[in-house]
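K.L.:
Taken in order, these protein sequences are the chains called A and B.
Going by the numbering used here, the residue at position 25 of the first sequence is 54; the numbering climbs one at a time, nothing skipped.
Going by the numbering used here, the residue at position 40 of the second sequence is 69; the numbering climbs one at a time, nothing skipped.
This list has only true hints and no planted wrong ones.
The list treats identical chains as one, so a pair stands whether inside a single copy or across any two.
No more than 16 Å apart at the CA atoms, straight line, and that leaves these computed lysine to aspartate or glutamate pairs for EDC-like:
#1 Lys31 to Asp64
#2 Lys31 to Glu60
#3 Lys69 to Asp44
#4 Lys69 to Glu101
Simulated from the structure, these hints should not be mistaken for lab results.
Nothing here was measured: the structure is a model prediction, and the numbers come from that model.
2 protein chains.
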Amino acid sequence: MKAKVTISFKPGVLDPQGRAISHALAGLGFEGVGDVRQGKVIELDLAETDAAKAREQVEAMCQALLANPVIETYAIELAK
Amino acid sequence: MKAKVTISFKPGVLDPQGRAISHALAGLGFEGVGDVRQGKVIELDLAETDAAKAREQVEAMCQALLANPVIETYAIELAK
Chain A
30 MKAKVTISFK PGVLDPQGRA ISHALAGLGF EGVGDVRQGK VIELDLAETD AAKAREQVEA
90 MCQALLANPV IETYAIELAK
Chain B
30 MKAKVTISFK PGVLDPQGRA ISHALAGLGF EGVGDVRQGK VIELDLAETD AAKAREQVEA
90 MCQALLANPV IETYAIELAK
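Chain A with its partners taken away, still in its complex shape (with noise of 0.2 Å):
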């Protein structure tokens, strides 16, 4: 089974990555570009053939070690 976990910043977590990158497109002339932030896609090739016990796999490693839930929130997808 496949696992894709997509991790964002929290609304109002300052977000530095973001933040460069929209100077940077202005820096390149791109106008009409407002609020811009990056986050992380992992995806993990899992042997769990179950779906209900995968995704409790994966919210167990976001839990671990995939997420900062302090500062970051996670959506996790499954696929066969």
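Following the hints, complete the assembly by docking chain B onto the known chain A.
P.N.:
Frame of chain A; chain B shown alone:
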């Protein structure tokens, strides 16, 4: 208009971050984890309201700054 750009390494490109995550998960006792790959998600608020123009603009941003076409691929999603 909101744009979401998902950037990931091309197949075959070494992903040290993914490797590090994979080893860390194994060290934490997670079993059955195969390949792990990490990419970026960049969310942009655009003043542009026309979808075709917005896609063209984001395409140009990807080529100019957001993605490294030598080792990365990108996918653009637009939302009102």
